[in-house]
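Protein sequences appear in the order of chains A and B.
Just so you know, we're using our numbering here: the first sequence kicks off at 11 and counts up by one.
Just so you know, we're using our numbering here: the second sequence kicks off at 11 and counts up by one.
Check the hints yourself; a few may be wrong.
[What the hints assert, rightly or not] Distance condition first, Cα-Cα at most 25 Å in a straight line; then the derived SDA-like pairs of lysine to any residue: (1) B:K252 - A:K252; (2) A:K61 - B:K134; (3) B:K251 - A:P244; (4) A:K323 - B:G263; (5) A:K251 - B:D144; (6) B:K252 - A:E212; (7) A:K251 - B:I148; (8) B:K79 - A:F62; (9) B:K252 - A:G80; (10) A:K252 - B:K85; (11) B:K380 - B:F318; (12) A:K252 - B:V188; (13) B:K251 - A:Q167; (14) B:K251 - A:S76; (15) B:K306 - A:V188; (16) B:K85 - B:I148; (17) B:K251 - B:Y222; (18) B:K134 - A:S36; (19) A:K356 - A:V188; (20) B:K79 - B:D42; (21) A:K252 - B:R139; (22) A:K252 - B:K134; (23) A:K356 - A:T135; (24) A:K58 - B:F318.
It should be emphasised that the hints constitute simulated quantities derived from the structure, not laboratory data.
As the structure is a computational prediction, the values presented were derived from the model and not from experiment.
Number of protein chains: 2
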Amino acid sequence: MFVCRQMSLYTQVFRQSRNQFIRHLSSFRYEDLQVTMTKTPALKPDEKIIKFGSHFSDHMLEINWSEEKGWGVPKIKPTTSFQMHPASKVLQYASQAFEGLKAYRCVDGQIRLFRPNENCRRLKTSAQRIGLPDFDQIELLRCLKKLISIDHEWVPQSINSSLYIRPTFIGTEPTLGVNNSSMAKLFVITSPVGSYFPTALEPLSLLADPHYIRAWPGGCGSYKISSNYAPTVPIQSQALKKYGCQQMLWLFGDDHQMTEAGTMNLFIYWVNEQGEKELITPPLNSGLVLPGITRKSILELCLEWKEFKVSEKSISMKTFSEALKLGRVKEVFGAGTACVVCPVNKILYLDQELSLKIDTHNSLTQRIYKELIDIHYYRKPHHWMEDVDDEEESITDRG
Amino acid sequence: MFVCRQMSLYTQVFRQSRNQFIRHLSSFRYEDLQVTMTKTPALKPDEKIIKFGSHFSDHMLEINWSEEKGWGVPKIKPTTSFQMHPASKVLQYASQAFEGLKAYRCVDGQIRLFRPNENCRRLKTSAQRIGLPDFDQIELLRCLKKLISIDHEWVPQSINSSLYIRPTFIGTEPTLGVNNSSMAKLFVITSPVGSYFPTALEPLSLLADPHYIRAWPGGCGSYKISSNYAPTVPIQSQALKKYGCQQMLWLFGDDHQMTEAGTMNLFIYWVNEQGEKELITPPLNSGLVLPGITRKSILELCLEWKEFKVSEKSISMKTFSEALKLGRVKEVFGAGTACVVCPVNKILYLDQELSLKIDTHNSLTQRIYKELIDIHYYRKPHHWMEDVDDEEESITDRG
């Protein structure tokens, strides 16, 4: 990893031709960024005790777009409410895409992001699916790094805490027609968060109710857009109230395929029908599953380890519960940015209570968790981590 | 129909006990309504030439709710943008439900609404599905009537025009957790609109592409919530650009059942396998179809006429196209608040172009259209129409 603040001639030439290219693409540009610093910095909360995503850092990034004028100038400014017209497309028709990633204060004192290019790329894909305009993902990443750099004091000092970053892209045209928004706003807010698991991994229970379907082939369950979330909220809330289950296990199809757990990707570690140890997660090709970045990283790590089979494939509740009865299911866990991984100790399914043993010290879940947080906090240096102050480096990433 | 502005003793007693009941339910109350009139009334646009839903009347209704304090006081105030926190649940997770109805300037000079109780009831159902708080639908209707009454000059004078009314209910809690919003805002904006068909009914073409699915069983396609709309926008837009089709014909299932047309309910008038004339529309029990109020009204009207069979049942593209080839399909039309009814003259399906003959003067579509607009403008007085100035009457509706 190198840090270089002086531009080489090569970099200058590269950047010039790149800027022309970006103008053509009509993306906003990091080099136009305007910064207005807050005059009233807020007190930092104790992220260990606050509710997830309820306190926000001093500054936000905001970039406006219109069909007429294209992308405006990116602005970093004090975090504040927007003026929103009541007819805005986002308020009326959920014209929205978003992302979630984290900035970590690493053991060497540097602040780093975990695979932020993946988030910026996914936001482009989601925006396209929902009819929002295109942009250059590297320009977004550069602006985003600058935002974190400015609010570096908001990246928690305490180990296992982090600064949660929420890029959000909304349609703002104030008209009631159900059509593409001719105006949009891309903004990024950040929020200091404690560890999901302050001490050890805490298992959760899932309700697998085939009456409620999160996503469908031909729908948009594989995109990170607001539409996929609100409809799940009262169902999850009922799962907790009625059955004491913290999350839903979302099923699909007549054979009750397992797809996702709450807002997390799902992993099952078992001994398969051929007697092989295998880690499986539902595949992306059905369109039922979000292409999670933690999901992708776990698959890549475990493939590198070459200790057991790693598969993206569907598994039905019947296959799963039969394997569980035969003692072939070793572990089930969810994976996502918020928790990293989260072990499952119970699944309620058609009046059956399927119990899973949890070994908090010597499990694959625990091992993956440790591996990932060692990478996040740079106890194990890894190319997945990007320094927020290393603006040059992200450009070379582009190819 | 009676108008009574003096309260009888009975009404006073009824209202007192009713108010206690409402407090218990924690609904807002019409009697608490506060009105602030604009000091800068806007010029009324020519609704015949403006884009649908792009101009708004001078006043809006706004009512805030919080888990802590319950419902606040309803306010009618100048139409204006909101202050929205960037982390609001509606911006992040599509915590939203809405409605669409119209106020008509009738031939006797009175301003009336078409079945507004149905909209207020449906908004309650949608709110429940999306985790937003309950309210008393009659109190909402009373506030809404007052809003229209105040902005009565915004109800267009020209025949076939109307004032489109958009009640919207959003979750506003500014936190990033995926859970029920502890804060919400119910607001109503209105917009003068011209007729969908300034001269005669104009037919539209539909693209029936089984790759895209609007709604599925166990999802929320039968609720009027923003989540159902944004995902359809780029698909509809592509249908127009690539195939010249104005709307999608949304299909479902392996047998390609016809479900909805764009944002409208779908009707097919045909001679069925038994040789009977029959009007069919896809059923509500599958959860794939919005329970439209125009849909319901058409079913009720046609049942009253007793001239042909009226059925809510599924129809597959195979059954439909075979019947079409045999000359048994007489008409296809969409139905909704914006257009009332809209004839279909072409369906593109798996590289087939299915053409439908349009008789603009002597069709069932035309007859239903005339019947409904005669009711809307009170050329045919009907109990479906509610006078906006008749506040007492709506209360007696409650039982």
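Unmet hints by their number, sorted upward, for this structure: 1, 2, 3, 6, 7, 10, 13, 18, 19, 23 and 24
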